[in-house]
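Visitor: Listed below are the residues making up each chain.
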Amino acid sequence: MRGKALSVYCAALYGLLYLPLAVMFAFSFNNARRNVAWRGFTLKWYSSLFQDAELLTALATSLKLALAASLIACLLGLLASYAMARHAPFKGRGLYSCLVSVPLMMPEIVMGVGLLSFFARLGIALNFWSLACAHALIALPYTTSSIRARLLSLKDCRLEEAAMDLGASEWQAFLKVTLPLAGPALLSGSLLAFTVSFEDFVTSFFIAGIGIVTMPVKIYTMMKFGVTPEINAMASCLVGLTIVLLAGNAALRAYDNGRRREI
Amino acid sequence: MRFLSWLIRGKSPKASHLMLAPAALWLLIFLILPIIGLLALSFIQRGPYGTLLWSFTWGNFSRALNPKYLPVLLRTLGYASSATFLCLLLGFPLAYYLSFGAGRSRGTLLVLLMVPFWTSCLVSLYSWMIILGRQGLLNHLLLKLGLAENPLALLNTPFSVLLGLVYFYLPFMVLPLFGSLEKIPRSYIEASYDLGAGTWATFRKVTWPLCLPGVFAGCLLTFVPCLGDFLTADFLGGSGTYLLGNLIQNQFLMAQDWPFGAALTTVLTFCLTWAIFLHQRFEGRELEMRG
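First to last, the protein sequences are chains A and B. Position 166 (the first sequence) corresponds to 185 in this note's numbering; numbering is contiguous. Position 36 (the second sequence) corresponds to 70 in this note's numbering; numbering is contiguous.
Mixed in with the good hints, there may be bad ones.
[As the list claims (entries may be wrong)] Sample of chain B residues at the chain A side, in silico, Cβ under 10 Å:
(1) Met35
(2) Ser46
(3) Pro47
(4) Pro82
(5) Tyr160
(6) Ile218
[Stated by the list, open to error] Which chain B residues face chain A? A few, computed with CB under 10 Å, are given here:
(7) Val106
(8) Leu143
(9) Thr153
(10) Leu156
(11) Trp162
(12) Phe286
(13) Met288
None of these hints come from the bench; they were simulated from the model. No residue lacks a Cβ here, since even glycine has one placed at the ideal position from N, Cα and C.
Please put together the full structure from these sequences, using the hints given.
Guide: Next up, the structure:
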């Protein structure tokens with residue numbers, strides 16, 4: 020399994036992984052209505068993209084939704100992981116850490132139809148906030164694991180104890196020592212949560228109702244009813260955004276690891 | 035301030051519970067209750083025009099297993115297990131390379147593996163439709179190269195659905211495999227070589243058994259989402275590749291038969307729980323073997 024053959028095989032596999040993204044990117048500059056042959060370079064799909072009011076609304080909705088969901092998930096994740104990482108062992112801790120990973124394991128369709136029938140049964144309106152709550156649920160495992168890992172790694176540092184020896188109250192030590200130290204992990208968890216919410220299609224598809232159209236839902240409708248090359252342009256922008264978010268996350272982690280070594 | 039300090043100090047379990055409560059409530063309201071609700075719904079009769087009749091019935095489940103729908107269930111299990119097997123087959127060499135051969139480029143390669151995984155699957159689906167279509171890129175290429183005389187039907191076939199599933203879930207397989215290959219102490223492998231074992235014997239007797247937990251985790255992480263996937267079959271499959279996910283989606287959004295849809299979802303959740311249970315058992319045995 021060693022040697023050149025393996026590297027060639029892996030290069031080919033990576034090629035295959037990136038083939039759809041490359042094709043989509045290339046065709047977003049194609050001057051033809053159909054994605055078949057190359058008819059010259061154009062930027063018109065990008066320009067029509069930024070004039071399409073419906074698309075821009077969908078984009079704005081997705082961004083707002085992702086922001087709300089990641090904020091909720093980050094706050095819930097911070098509280099829960101603080102208790103789990105810093106407090107003395109307590110009843111229910113194990114149960115919670117099992118439960119919080121369930122959204123990762125469940126096929127999204129189960130959560131989608133579950134929430135749909137739950138909301139309908141209780142007469143909860145399907146609006147922006149019900150969707151944001153559902154997105155926060157999907158994002159919760161990501162923020163929790165990121166923040167918990169960071170808090171656990173700080174355990175031996177005893178920096179808070181030093182702060183308290185110097186006269187700070189627990190709350191001051193938390194605010195001035197723990198929170199800044201956990202900051203990068205908080206941000207990186209939120210970025211992941213943001214990405215999860217922004218890319219989510221299945222849950223939004225089931226419970227968005229008629230009022231809310233997120234970007235992935237909009238792409239779905241475009242794919243179902245009348246394919247336009249604008250999708251290529253839009254998808255390229257989305258992939259670009261994903262790469263920026265992931266790169267931001269990676270950079271934060273690298274920065275955090277570097278700082279941890281200093282401490 | 036006192037209260038906050040008390041909360042943060044966490045000397046009493048009450049403080050811990052109070053801090054855990056918001057997230058726990060969230061899980062209860064948006065995860066547990068909906069799933070219990072689905073389970074309850076699956077034992078209820080459907081009234082006319084999609085209304086609910088509140089009387090107990092096994093009917094939804096027996097309907098899920100009748101000859102009209104049983105093939106969908108079996109087909110889904112078939113697709114999910116073949117996709118899992120293919121992911122293992124294709125992904126193992128990659129995971130092996132990442133942990134043993136990649137050297138300095140490993141970090142970059144891992145990030146590169148994550149990008150398609152984080153990209154909305156709709157985007158990649160759309161792209162595969164462009165590539166595989168009758169007038170798509172691949173057929174274009176095959177015709178140009180003279181490898182085919184007429185455009186091949188690549189889209190809307192079991193082939194395209196399987197390709198889509200493998201494409202989407204390959205990273206779910208590779209990452210756990212990488213994780214467990216990474217944990218194998220290199221000295222074990224060196225010791226095996228020192229004791230005269232060849233490459234193949236070392237792989238079979240040392241590397242493979244030690245990375246089995248990763249294999250099981252990867253298979254689980256690939257198999258479970260494959261079971262529920264409905265987008266791949268929706269866009270890349272034809273009528274012959276109608277899967278459980280599509281059937282569930284249809285019952286909830288088109289047919290308005292929520293109880294039957296809920297029963298199908300319960301079956302899906304049952305398959306998933308069973309897969310997790312199997313995984314745990316293998317994990318347990320694995321630990322015993324090592325213990």
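Visitor: Indicate, hint by hint, whether the structure satisfies it.
Guide: Hint by hint, here is what the structure shows:
A hinted interface residue such as Met35 (chain B) counts as satisfied when its beta carbon comes closer than 10 Å to some beta carbon of chain A; here the least separation is about 6 Å, so the hint holds. Hint on Ser46 (chain B) holds. Least Cβ distance to chain A is approximately 9 Å, under the 10 Å limit. For Pro47 (chain B), the interface hint holds, since its Cβ comes within 10 Å of a Cβ in chain A; the closest pair sits about 4 Å apart. For Pro82 (chain B), the suggested interface contact is broken, since its CB lies about 18 Å from the closest CB of chain A, more than 10 Å.
Interface hint at Tyr160 (chain B): satisfied, since its Cβ lies 6 Å from the closest Cβ of chain A, which is below the 10 Å cut-off. Interface restraint check: Ile218 (chain B) against chain A, minimum CB-CB distance 14 Å, threshold 10 Å, status violated. Of the supplied interface hints, the one on Val106 (chain B) is violated, with its beta-carbon coming no nearer than about 14 Å to a beta-carbon of chain A, more than 10 Å. Against a cut-off of 10 Å between C-beta atoms, the interface hint on Leu143 (chain B) holds, since the closest Cβ of chain A lies about 8 Å away.
About 5 Å separates the beta-carbon of Thr153 (chain B) from the nearest beta-carbon of chain A, less than 10 Å, and the hint is met. At its closest, the beta carbon of Leu156 (chain B) sits 5 Å from a beta carbon of chain A; the interface hint therefore holds under the 10 Å criterion. Proximity of Trp162 (chain B) to chain A holds as hinted, the smallest CB-CB distance being about 6 Å (cut-off 10 Å). For Phe286 (chain B), the shortest C-beta to C-beta distance to chain A is roughly 5 Å, which falls under 10 Å, so the interface hint holds.
Against a cut-off of 10 Å between C-beta atoms, the interface hint on Met288 (chain B) is violated, since the closest Cβ of chain A lies about 13 Å away.
Consistency note: the structure conflicts with the earlier hints numbered 4, 6, 7 and 13.
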